[in-house]
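Engineer: Chain residues, written in single-letter form:
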Amino acid sequence: ETGVTQTPRHLVMGMTNKKSLKCEQHLGHNAMYWYKQSAKKPLELMFVYSLEERVENNSVPSRFSPECPNSSHLFLHLHTLQPEDSALYLCASSQDWGRVREKLFFGSGTQLSVL
Amino acid sequence: GDSVTQMEGPVTLSEEAFLTINCTYTATGYPSLFWYVQYPGEGLQLLLKATKADDKGSNKGFEATYRKETTSFHLEKGSVQVSDSAVYFCALSDRGNNDMRFGAGTRLTVKP
Numbered sequence: 001e002t003g004v005t006q007t008p009r010h011l012v013m014g015m016t017n018k019k020s021l022k023c024e025q026h027l028g029h030n031a032m033y034w035y036k037q038s039a040k041k042p043l044e045l046m047f048v049y050s051l052e053e054r055v056e057n058n059s060v061p062s063r064f065s066p067e068c069p070n071s072s073h074l075f076l077h078l079h080t081l082q083p084e085d086s087a088l089y090l091c092a093s094s095q096d097w098g099r100v101r102e103k104l105f106f107g108s109g110t111q112l113s114v115l
Numbered sequence: 001g002d003s004v005t006q007m008e009g010p011v012t013l014s015e016e017a018f019l020t021i022n023c024t025y026t027a028t029g030y031p032s033l034f035w036y037v038q039y040p041g042e043g044l045q046l047l048l049k050a051t052k053a054d055d056k057g058s059n060k061g062f063e064a065t066y067r068k069e070t071t072s073f074h075l076e077k078g079s080v081q082v083s084d085s086a087v088y089f090c091a092l093s094d095r096g097n098n099d100m101r102f103g104a105g106t107r108l109t110v111k112p
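Residue numbers (this note's numbering), protein chains in the order written: chain A, 1 to 115; chain B, 1 to 112.
Rather than coming from a laboratory, the hints here were simulated on the basis of the structure. Keep in mind the model is a prediction, meaning the values are calculated, not measured. One should not assume that every hint holds.
[Stated by the list, open to error] A few chain B residues that don't get close to chain A, going by computed Cβ distances all over 10 Å:
no.: 1; residue: 20
no.: 2; residue: 42
no.: 3; residue: 56
no.: 4; residue: 58
no.: 5; residue: 101
[Said to hold, decoys possible] Which stretches of chain A does chain B cover? Using the computed rule of at least three CB atoms under 8 Å from a CB of chain B, they are:
no.: 6; stretch: 13–27
no.: 7; stretch: 103–115
The beta carbon of each residue, even a glycine, is placed where N, CA and C say it ideally should be.
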């Protein structure tokens with residue numbers, strides 16, 4: 001148990017559906033991250049939130065919409081996804097943003113399949 | 001930009017064999033280097049790290065030495081166990097970047 005919880009663990013959705021991924025951390029961290037893990041590719045950083053403010057958006061398509069209502073919760077809202085968006089989506093947290101020489105704590109991920 | 005390249009897998013070894021997973025990096029500054037491990041069905045966990053040249057990170061029998069002259073951070077273990085089967089990720093973070101750059105991961109399978 002790393003202190004970072006993601007739900008759901010698995011999600012299958014059609015291209016016209018709208019769904020949300022949820023991440024919760026109980027570590028008192030100030031920074032939260034969304035990563036995309038695809039087979040045989042480096043982990044791709046999608047979004048970073050620091051103290052509930054988005055500080056990084058790495059050219060992610062608008063069909064992915066993050067939300068950080070407070071420092072413990074992070075959402076990724078999905079709509080009109082494409083089959084190539086199928087991947088494992090990982091949430092992570094760290095004590096602070098800008099000090100990533102400290103380690104990241106990861107959740108178990110949501111395995112997303114887009115049909 | 002900064003990047004990490006690690007050997008492609010999958011790697012399959014017998015129990016008690018010696019393990020090396022190669023990792024090289026490109027960075028403009030003085031990065032910290034990490035190895036993360038992902039067990040089946042789980043997220044990534046920090047395995048070890050090194051923050052400056054010639055540092056050796058170690059944990060659970062795994063070791064990696066920060067080699068600035070060869071820009072490498074190879075992961076080694078003298079005797080692997082079945083329970084070491086997982087995906088291993090090399091990563092770096094640099095003062096110039098506010099994120100962690102990961103390699104593509106190397107899947108290790110250890111057979112009894």
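Engineer: None of the hints should be skipped; say for each whether it holds.
Structural biologist: Cross-check of the supplied hints:
With a cut of 10 Å on Cβ distances, residue 20 of chain B stays outside the contact zone with chain A, its closest approach being about 20 Å. With a least CB separation of 5 Å from chain A, residue 42 of chain B falls inside the 10 Å interface cut-off, contrary to its annotation. Every C-beta of chain A lies more than 10 Å from that of residue 56 of chain B, the closest at about 17 Å, which supports listing it as non-interface. Its beta-carbon lying about 15 Å from the closest one in chain A, residue 58 of chain B satisfies the requirement of being farther than 10 Å from that chain.
Some Cβ of chain A comes within 10 Å of the Cβ of residue 101 of chain B; the nearest lies about 7 Å off, and the non-interface call is violated. Check result for the stretch 13–27 of chain A against chain B: violated, 0 residues qualifying (beta carbon to beta carbon below 8 Å, three or more required). Residue count for the stretch 103–115 of chain A with a Cβ under 8 Å from a Cβ of chain B: 6. That meets the three needed, and the coverage hint holds.
In the structure shown, a violation is registered for the earlier hints numbered 2, 5 and 6, in ascending order.
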